[in-house]
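All chains should be modelled from the sequences, with the hints used to inform the complete structure.
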Amino acid sequence: MSLHITIFNFHQMLQTLILPPPILPPVEQLDADRAVSGPFSFEISKLETSDLGLSRPLPANDASLLQPGDYLVRTRHPDVELRVNNEAYIDRVISTSVTGRVDDFRQGLRARGGGCVLSGVRNRAAHRSEWKSFNACHIFPLEKGQEWVKQGFHTWITDSDILDPGPRMNSIQNGMIMSASIHTLFAGYQVGVNPDVGNISSNLADTKVTVFYEDIYSIGGRYMSETARENGLHGVRDSLLRWHFRQCVFANMRGAGEPIRDYDWSDSGDVVGRVLAADKSGQRMGDEVAARLACTEYLPM
Numbered sequence: 029m030s031l032h033i034t035i036f037n038f039h040q041m042l043q044t045l046i047l048p049p050p051i052l053p054p055v056e057q058l059d060a061d062r063a064v065s066g067p068f069s070f071e072i073s074k075l076e077t078s079d080l081g082l083s084r085p086l087p088a089n090d091a092s093l094l095q096p097g098d099y100l101v102r103t104r105h106p107d108v109e110l111r112v113n114n115e116a117y118i119d120r121v122i123s124t125s126v127t128g129r130v131d132d133f134r135q136g137l138r139a140r141g142g143g144c145v146l147s148g149v150r151n152r153a154a155h156r157s158e159w160k161s162f163n164a165c166h167i168f169p170l171e172k173g174q175e176w177v178k179q180g181f182h183t184w185i186t187d188s189d190i191l192d193p194g195p196r197m198n199s200i201q202n203g204m205i206m207s208a209s210i211h212t213l214f215a216g217y218q219v220g221v222n223p224d225v226g227n228i229s230s231n232l233a234d235t236k237v238t239v240f241y242e243d244i245y246s247i248g249g250r251y252m253s254e255t256a257r258e259n260g261l262h263g264v265r266d267s268l269l270r271w272h273f274r275q276c277v278f279a280n281m282r283g284a285g286e287p288i289r290d291y292d293w294s295d296s297g298d299v300v301g302r303v304l305a306a307d308k309s310g311q312r313m314g315d316e317v318a319a320r321l322a323c324t325e326y327l328p329m
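For the sequence shown, our numbering gives the first residue as 29, with consecutive numbering after it.
Calculated directly from the structure, the hints in this document are not laboratory data. The reader is advised that the hints may include incorrect statements.
Stated by the list, open to error - Listed next, with one range per pair, are the computed distances between beta-carbon atoms:
#1 ALA208 x LEU82: 43 to 49 Å
#2 SER188 x PRO106: 48 to 54 Å
#3 ASP224 x LEU110: 41 to 47 Å
#4 THR183 x ALA154: 30 to 36 Å
Even glycine gets a Cβ: it sits at the ideal position worked out from N, Cα and C.
Now the structure itself:
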């Protein structure tokens, strides 16, 4: 994880991983030195390399950058156990579209974004309708359509009068323009957008890019382009960004993490063999087939 995570951001991530206790003891029962402001049932202390042991608990609302090192997460009350959230992690694929049913989605994102909304790189050839190296990306993947309907995520889309929940996945509220390389990282949950980083002094929400791997494109800590932010009927829905960010946390911070999929595949040669040799081969084969039949999330420009 690159060095753009604040102490407050770290608390937020752990709040996703750690379930709240059934009944949280009153803060007044805690020692003054252990009291932590904020709605968290845990506290975080940095392990010191000297003989001092643990540092004082980190203030939850601290906007300072989290420093590299080892940290101890513990309950704020001795009678409460920490429980890890076992919410299902939803894996995804990135594949080549075989249909033309999403032209409106692609054109809408081009008109709204103008370039990669995470890196800020503009497409200077847009006036010639050339969009090489830029992809239209679904935030919630098309191959998971059954989950989209089952969980009622279609109700987050507000710019469509279509009653059928399936087509709502192609709303531009569920999409962003990205450079092809960053799209691959986004699809692999190595890059996410936190819509709840907030401005601690003013309580204003902001949408910050978070990189959970090496930040090779120097996008960690950037804010998503204004054109893609939630504004009326045309902006990305914060609820969908929040869902994707949760998946990033589960994929990278729970246990040993989820295996990173290899997306650098060609459709030539033994594609089936490569899929079957990959981690979670059965699930991936199903996802690859579903993505191709459901017009997929990867839309070549």
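Verification of the supplied hints:
1. ALA208 x LEU82: 43 to 49 Å: Holds - the Cβ-Cβ distance for ALA208 and LEU82, about 44 Å, lies within 43 to 49 Å.
2. SER188 x PRO106: 48 to 54 Å: holds, 51 Å
3. ASP224 x LEU110: 41 to 47 Å: violated, 22 Å
4. THR183 x ALA154: 30 to 36 Å: holds, 33 Å
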